[in-house]
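Undergrad: Here the sequence shown is numbered in full-length UniProt numbering, starting from 1 and rising by one per residue.
Simulated from the structure, these hints should not be mistaken for lab results.
No residue lacks a Cβ here, since even glycine has one placed at the ideal position from N, Cα and C.
Hints may contain errors.
[Claimed, not checked] Straight-line distance between alpha carbons at most 30 Å, and here's what the computed DSBU-like set of lysine-lysine pairs gives:
(1) Lys495 with Lys132
(2) Lys185 with Lys132
(3) Lys758 with Lys531
(4) Lys74 with Lys688
(5) Lys731 with Lys74
(6) Lys126 with Lys495
(7) Lys681 with Lys379
(8) Lys97 with Lys74
(9) Lys731 with Lys688
[To be verified] Across the chosen pairs, the derived CB separations fall in these ranges:
(10) Asp121 with Gly187: 28 to 36 Å
(11) Tyr440 with Lys185: 35 to 43 Å
(12) Val195 with Pro505: 31 to 39 Å
(13) Gln194 with Ser537: 51 to 59 Å
(14) Gly187 with Lys379: 52 to 60 Å
(15) Asp121 with Leu500: 22 to 30 Å
(16) Ala111 with Gly772: 21 to 29 Å
(17) Val195 with Arg424: 40 to 48 Å
(18) Glu193 with Gly489: 30 to 38 Å
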Amino acid sequence: MRRPLRSWSTSSPRNAAASIRRCAICTGRARCSTASSRPRAANRRGRARRGVRTRANSSVEPMSVESVAAPIAKRVPTERVHHGDVFVDEYEWLRDKEDPEVIAYLEAENAYTEARTAHLDGLRGKIFAEIKSRVQETDLSVPHRMGDYWYYSRTFEGKQYGSSCRCPVAADAAGIDAWTPPELKPGVEIPGEQVLLDLNELAEGHDFISLGAFEVSHDGNLLAYSVDTVGNERYVLRFKDLRTGASLPDEIAETAAGAAWSLDGEFVFYQTVDEAWRPDTVWRHRLGTAADQDVKVFHEPDDRFWVGIDGTRSEQYLFIVSSSKITTEYRVLAADDPEGEFRVVLPRRDGVEYSVEHAVIGGEDRFLIMHNDVVDGVKAENFVLAEAPVADPSDMTILIGHDPQVRLESVGAFADYLVLGYRREALPRLAIWPLTADGYGERRELEFDLELASVGTAGNPEWAQPTLRIALGSFITPRQIFDYVPATGELLLRKEDVVLGGYDPNEYVQRRDWAVADDGTRIPISLVWRKEFAPDSPKPLLLYGYGSYETAIDPYFSIARLSMLDRGMVFAIAHVRGGGEMGRYWYENGKTLTKKNTFTDFVSCARHLIDTGVTAADRLVAEGGSAGGMLMGAVANLAPELFTGIITSVPFVDPLTSILDPDLPLTVIEWDEWGDPLHDKDVYQYMKSYSPYENVEAKDYPAILAITGLNDTRVLYVEPAKWVAKLRVTKTGDAPLLLKTEMSSGHGGVSGRYERWKEVAFEEAWILDTVGLADA
Numbered sequence: 001m002r003r004p005l006r007s008w009s010t011s012s013p014r015n016a017a018a019s020i021r022r023c024a025i026c027t028g029r030a031r032c033s034t035a036s037s038r039p040r041a042a043n044r045r046g047r048a049r050r051g052v053r054t055r056a057n058s059s060v061e062p063m064s065v066e067s068v069a070a071p072i073a074k075r076v077p078t079e080r081v082h083h084g085d086v087f088v089d090e091y092e093w094l095r096d097k098e099d100p101e102v103i104a105y106l107e108a109e110n111a112y113t114e115a116r117t118a119h120l121d122g123l124r125g126k127i128f129a130e131i132k133s134r135v136q137e138t139d140l141s142v143p144h145r146m147g148d149y150w151y152y153s154r155t156f157e158g159k160q161y162g163s164s165c166r167c168p169v170a171a172d173a174a175g176i177d178a179w180t181p182p183e184l185k186p187g188v189e190i191p192g193e194q195v196l197l198d199l200n201e202l203a204e205g206h207d208f209i210s211l212g213a214f215e216v217s218h219d220g221n222l223l224a225y226s227v228d229t230v231g232n233e234r235y236v237l238r239f240k241d242l243r244t245g246a247s248l249p250d251e252i253a254e255t256a257a258g259a260a261w262s263l264d265g266e267f268v269f270y271q272t273v274d275e276a277w278r279p280d281t282v283w284r285h286r287l288g289t290a291a292d293q294d295v296k297v298f299h300e301p302d303d304r305f306w307v308g309i310d311g312t313r314s315e316q317y318l319f320i321v322s323s324s325k326i327t328t329e330y331r332v333l334a335a336d337d338p339e340g341e342f343r344v345v346l347p348r349r350d351g352v353e354y355s356v357e358h359a360v361i362g363g364e365d366r367f368l369i370m371h372n373d374v375v376d377g378v379k380a381e382n383f384v385l386a387e388a389p390v391a392d393p394s395d396m397t398i399l400i401g402h403d404p405q406v407r408l409e410s411v412g413a414f415a416d417y418l419v420l421g422y423r424r425e426a427l428p429r430l431a432i433w434p435l436t437a438d439g440y441g442e443r444r445e446l447e448f449d450l451e452l453a454s455v456g457t458a459g460n461p462e463w464a465q466p467t468l469r470i471a472l473g474s475f476i477t478p479r480q481i482f483d484y485v486p487a488t489g490e491l492l493l494r495k496e497d498v499v500l501g502g503y504d505p506n507e508y509v510q511r512r513d514w515a516v517a518d519d520g521t522r523i524p525i526s527l528v529w530r531k532e533f534a535p536d537s538p539k540p541l542l543l544y545g546y547g548s549y550e551t552a553i554d555p556y557f558s559i560a561r562l563s564m565l566d567r568g569m570v571f572a573i574a575h576v577r578g579g580g581e582m583g584r585y586w587y588e589n590g591k592t593l594t595k596k597n598t599f600t601d602f603v604s605c606a607r608h609l610i611d612t613g614v615t616a617a618d619r620l621v622a623e624g625g626s627a628g629g630m631l632m633g634a635v636a637n638l639a640p641e642l643f644t645g646i647i648t649s650v651p652f653v654d655p656l657t658s659i660l661d662p663d664l665p666l667t668v669i670e671w672d673e674w675g676d677p678l679h680d681k682d683v684y685q686y687m688k689s690y691s692p693y694e695n696v697e698a699k700d701y702p703a704i705l706a707i708t709g710l711n712d713t714r715v716l717y718v719e720p721a722k723w724v725a726k727l728r729v730t731k732t733g734d735a736p737l738l739l740k741t742e743m744s745s746g747h748g749g750v751s752g753r754y755e756r757w758k759e760v761a762f763e764e765a766w767i768l769d770t771v772g773l774a775d776a
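All chains should be modelled from the sequences, with the hints used to inform the complete structure.
TA: Right, here's the structure in full:
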């Protein structure tokens, strides 16, 4: 599919919408902002819950914001009964966000959090000013070519959101010059510039906005885009004529994020979701007709599968993809036959995942199929790459065999070369595979002089482009955008992200360390710090972890992080099992009935950093969000003595309650990741043994800050609300316990860059205060 492999950018008009299989974690201080890290959705008020009986309400316990007293939620004992086990849940009543009493409780928690952190207001202001002073607020992305235009995005000082723009390719440009992007500079007029979409205008009157689809038709004349102004990830799809700038009357509500044009620009394909917030249906809309006339193209009845649609880079085919956590099925249609019938590429078989890319090899149309099926009697856990005739995809020839040390992740096809994305030694890699008149040339890996680096493609929509746009970065290297020329091997620097005020990467150090888990497994740890604060004695340290959905947390540069590093803090990532850093085996050994490895790995990394003198328990803070929030809740129960603080955003801390209820949004999809506790007693008992909410105990916990969004459709606000309420009346000690609910945001947190920077400043001020660096 024409989805940039390991893409750093989603600005391409023809990029696919959101990943339909696993979360792409937002690895800055902000929360996860893309699909399915922990897919949940808003509950429906008053719905009876299976296996639940409610007892009489207890009285409301008083609170006093004025005296900075912690809110105490009332207790309403509710029984959850499964497999003969009775669990009494006293805070399930917080699930009903339509109840004014629930809102009042969340607002009281917000007031308490603000009161307990009021002394950090000055530090928050300093950090916000530091971030703002380092960011080039008026800026432009590197243009990428599509058709007769260069597409790019712009930001302007003082504006919360960016604008998507384009300008024409010079009519007389030829050869490589026709693929050399114009050098655009802030404040300099761009000849022929056209603003396609200004998100600032669309955001007027709204506290939140998120862009879903942004797809330009193949002829460049029309734009399909969708926006969510609530935070619940249901979008309104609209259309614009780019020749006139006029908005078209077509409007389709309640859609999922993505869209795809037919080759002739007459039709748009889009998705809708079911009551469980699962993208399950693909529709065909004829431009100029009413939405109620749209044709249902495909419906996926299996609750385990998500559905997506996209076109190939070659513009020859459209693909519908049905994908669960462990199984995939593609359907294909010729792009010039939009009213035709999609046919199955390879029938789904449980446990077999595959992807399909169209390529022209030796003058023949072929499908490149990356899969993890059995090859020569061995399950290809780390995937293999095969080719097959378009007419008979089952007739596959293996091109790249299975390697237990190398995880194949993606293949991108262009007219003259292939691009392979893979992972080796816990780092992402790229290789170019030239195509010859007879078939395949010699593969070559792109190499960079960085010990810890992330590399990926960055917006490459054109089939016949002679250059490949890639992005490179590290913990200490601001992101660099290059054009690689496969024909010559040249690497042309197009842009390096600017850090205003003077930034010298030589003042910082990054390195890889290894902890040893209880079972002897070596766990990689990435670290970065400012040289003058070398950890030759225990230093304050922030340890980040995720460890789910085979998502890898790779080295990345962060301007916001500098405010902590420059005050003497070390930043580290524990690359625990359940993530994807070390290949499919790494993932398989941190999910379902091996999920506890994720938690114990993180504890092992914390102990290693303490035992080796890098940090100490009284200055170590742990961080994780979404599924990584479950990790935070679990380690808080497992080893609270190792941490002085834990910060978590949209934390999935009540997983058993959610996963037990198939009527809740997207629960059935998640059974392949966590197990099915509803029908399997062993899974139930295993999940109950680690679920953060069920395992809160009367013991000293570190300081905890939990942040959530009222409109989150992936991890419901009720999970951290219940967790904090239970901790409040159960834990011992006087370490602060805070809950902050964004009342107009979803899983990705607040929208608007200035609001996001304020949120980052709030979080970092709390972290610095917790480790004693608030005055640094």
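Undergrad: Any hints this thing doesn't respect? Which numbers, in order?
TA: none
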